[in-house]
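**Q** Note that the protein sequences, when read in sequence, are chains A and B. UniProt numbering puts the first sequence at residues 1 to 315. UniProt numbering puts the second sequence at residues 1 to 315.
The hints are simulated quantities; they were obtained by calculation from the structure and are not laboratory data. Take the hints with a grain of salt, since some may be wrong.
Note that the list lumps identical chains together, so a pair holds whenever it fits in one copy or between two copies.
Each computed DSBU-like pair below joins lysine-lysine, with the alpha-carbon atoms no more than 30 Å apart [claimed, not checked]:
| hint | residue 1 | residue 2 |
| --- | --- | --- |
| 1 | 103 | 312 |
| 2 | 251 | 111 |
| 3 | 312 | 289 |
| 4 | 251 | 289 |
| 5 | 110 | 297 |
| 6 | 312 | 251 |
These are the residues of each chain, in order.
Protein chains: 2
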Amino acid sequence: MAFKVTQSDIQAAHEKIQPFIHRTPVLTCQSINEMVGAELFFKCENFQKIGAFKARGGINAVLSLPEEARSKGVVTHSSGNHAQAIALAAKMAGVPAYIVMPKTAPEVKKKAVAGYGAQITLCEPTQQSREENSARIQEETGATFISPYNDYAVITGQATCAKELIEDQPDLDIIIAPVGGGGLLAGSALSALYYNPEMTVYAGEPEGAKDTYLSMEAGTITKVEKPSSIADGLLASMGDKNFEIIKELVKDIFLVSDEEIVAAMRIIWERMKIIIEPSCAVPFAAILKNKDVFAGKKVGVILTGGNVDLAKLPF
Amino acid sequence: MAFKVTQSDIQAAHEKIQPFIHRTPVLTCQSINEMVGAELFFKCENFQKIGAFKARGGINAVLSLPEEARSKGVVTHSSGNHAQAIALAAKMAGVPAYIVMPKTAPEVKKKAVAGYGAQITLCEPTQQSREENSARIQEETGATFISPYNDYAVITGQATCAKELIEDQPDLDIIIAPVGGGGLLAGSALSALYYNPEMTVYAGEPEGAKDTYLSMEAGTITKVEKPSSIADGLLASMGDKNFEIIKELVKDIFLVSDEEIVAAMRIIWERMKIIIEPSCAVPFAAILKNKDVFAGKKVGVILTGGNVDLAKLPF
Chain A
1 MAFKVTQSDI
11 QAAHEKIQPF
21 IHRTPVLTCQ
31 SINEMVGAEL
41 FFKCENFQKI
51 GAFKARGGIN
61 AVLSLPEEAR
71 SKGVVTHSSG
81 NHAQAIALAA
91 KMAGVPAYIV
101 MPKTAPEVKK
111 KAVAGYGAQI
121 TLCEPTQQSR
131 EENSARIQEE
141 TGATFISPYN
151 DYAVITGQAT
161 CAKELIEDQP
171 DLDIIIAPVG
181 GGGLLAGSAL
191 SALYYNPEMT
201 VYAGEPEGAK
211 DTYLSMEAGT
221 ITKVEKPSSI
231 ADGLLASMGD
241 KNFEIIKELV
251 KDIFLVSDEE
261 IVAAMRIIWE
271 RMKIIIEPSC
281 AVPFAAILKN
291 KDVFAGKKVG
301 VILTGGNVDL
311 AKLPF
Chain B
1 MAFKVTQSDI
11 QAAHEKIQPF
21 IHRTPVLTCQ
31 SINEMVGAEL
41 FFKCENFQKI
51 GAFKARGGIN
61 AVLSLPEEAR
71 SKGVVTHSSG
81 NHAQAIALAA
91 KMAGVPAYIV
101 MPKTAPEVKK
111 KAVAGYGAQI
121 TLCEPTQQSR
131 EENSARIQEE
141 TGATFISPYN
151 DYAVITGQAT
161 CAKELIEDQP
171 DLDIIIAPVG
181 GGGLLAGSAL
191 SALYYNPEMT
201 VYAGEPEGAK
211 DTYLSMEAGT
221 ITKVEKPSSI
231 ADGLLASMGD
241 KNFEIIKELV
251 KDIFLVSDEE
261 IVAAMRIIWE
271 RMKIIIEPSC
281 AVPFAAILKN
291 KDVFAGKKVG
301 VILTGGNVDL
311 AKLPF
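Isolated chain A, as found in the complex (with noise of 0.2 Å):
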């Protein structure tokens, strides 16, 4: 099959944002390992630009704008990671960024999307309150929308992620990513086939919000009705362009529960001294529980972000 994100486009947009971007370290951890039977190579992107992989997609989705489109302004809706790539993205473009977050949105992110200069509406936390406060803005404004996934520039910037890390590491067996939207899976589920086909992919799914597990199950996409879940980065509905390449490249997804969740994010910040959000731990926390599938394998796991709120951490 033929998917509408090629390998040259994902070359493309790494050279597009390579300037804006860090390119984040490969971590491992002996200890770790040794809980887990099996070699894991931790891609850091909660060092990335905005604490979290987001800003790849974000800055490639604004960059690759017609100018007169661009000029506009850009509008979102994102519980944060997303907000902050789009508002660090307009801020660079020198555009105006109008940014829809739900009002149950961790403190520390709305904080750095109005420390870039970006406008805040608040909004319910539910997918249609989000989706109706920035169709607002959009008619006022004439911004151009930016989903926070279900958009082929964010999905071929994730991408960027997962090519990274296979050219540090090019030898993994497995590569696992969390999976809320689904664009840094769909993006790493093509980076795995143009860079290393050989490789299986997974993804990690908060029980609370599982519409992906459901939708590989029925073949079509099948939402939550308010999903819920300490992962605040994941509980968006699957987009139908990342579901296209999920439903073709993506062998399992595991689920996992908040206890689980924390737990896991726990491991990571203790061994690792290293500050991971809970959406982030998803993936380590569905290793632990599936330890069979990964025993020694060398697997990539995507850390996607590091933008917790000091306040209120579950420890």
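For this one, chain A is given, so just place chain B on it according to the hints.
**A** Frame of chain A; chain B shown alone:
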């Protein structure tokens, strides 16, 4: 003045311990540089084995013991990181480790020491109780006492940290470390002298444990009664072997309050997404408090460790 620890001692120690330690990364952070008005290069010993620089001195001290002494084991007292270092070094050498820890030491540190198979004796959180307990164990077992800091092999091991930092960043104007007992500071000052003598050496110290500050003013070791600070790794009193180096080579000691330490720690957690313990935030707190001293300079900052008790965070 000639010092008892020479450049070739540091070179030899580095070769001896290299197979057992990590060469830790040097990280930078643009937003922190903008905040301070200087270029900071953070030497991340929070990523070191046992989560702290003390692995260097501990391993060097144990490996430097004559065979016969080593076989009877080693004993020490420490609020935590040196304890882990000696426990790890003894485990590597296959000899017993007897560790005296104040009962107030963080749980995470006690657990880690026990995990290396060391025998723990809990004591009162005073210098006297620490020393009495380790003297008794020394007598009972014939084990060799290894001071957390007042020991040339320990100082020489700690010196390898600044040596690596200078190798990676040869054009530093300043190096700053925290000071407790003085092992790291003395070692850092010696590496500065031998590997980049143009560099100025400073230290940060908690106001509640300012014995080094007072000792520098008086020109002789001056103790503080009942030292107290959130920086639990810096409560020990300056050793005479350390002070003979520090009084010659360190330009100034900057005092910081517990409040300033927590604020500095929080900035590093939020901006750099790495976990550091309160003691480790002391030099950065000193920089934030004395921006004029550091303005426009290239500053090496030793981040000493990341062993915090997540159940007892100060945020």
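**Q** Look at each hint and say if it fits the structure.
**A** Hint check:
{"no.": "1", "hint": "103 x 312", "verdict": "both (15 Å within a copy, 28 Å between copies)"}
{"no.": "2", "hint": "251 x 111", "verdict": "neither (38 Å within a copy, 39 Å between copies)"}
{"no.": "3", "hint": "312 x 289", "verdict": "both (26 Å within a copy, 27 Å between copies)"}
{"no.": "4", "hint": "251 x 289", "verdict": "within (17 Å within a copy, 53 Å between copies)"}
{"no.": "5", "hint": "110 x 297", "verdict": "neither (39 Å within a copy, 33 Å between copies)"}
{"no.": "6", "hint": "312 x 251", "verdict": "neither (35 Å within a copy, 41 Å between copies)"}
Of the numbered hints listed earlier, those contradicted by the structure are 2, 5, 6.
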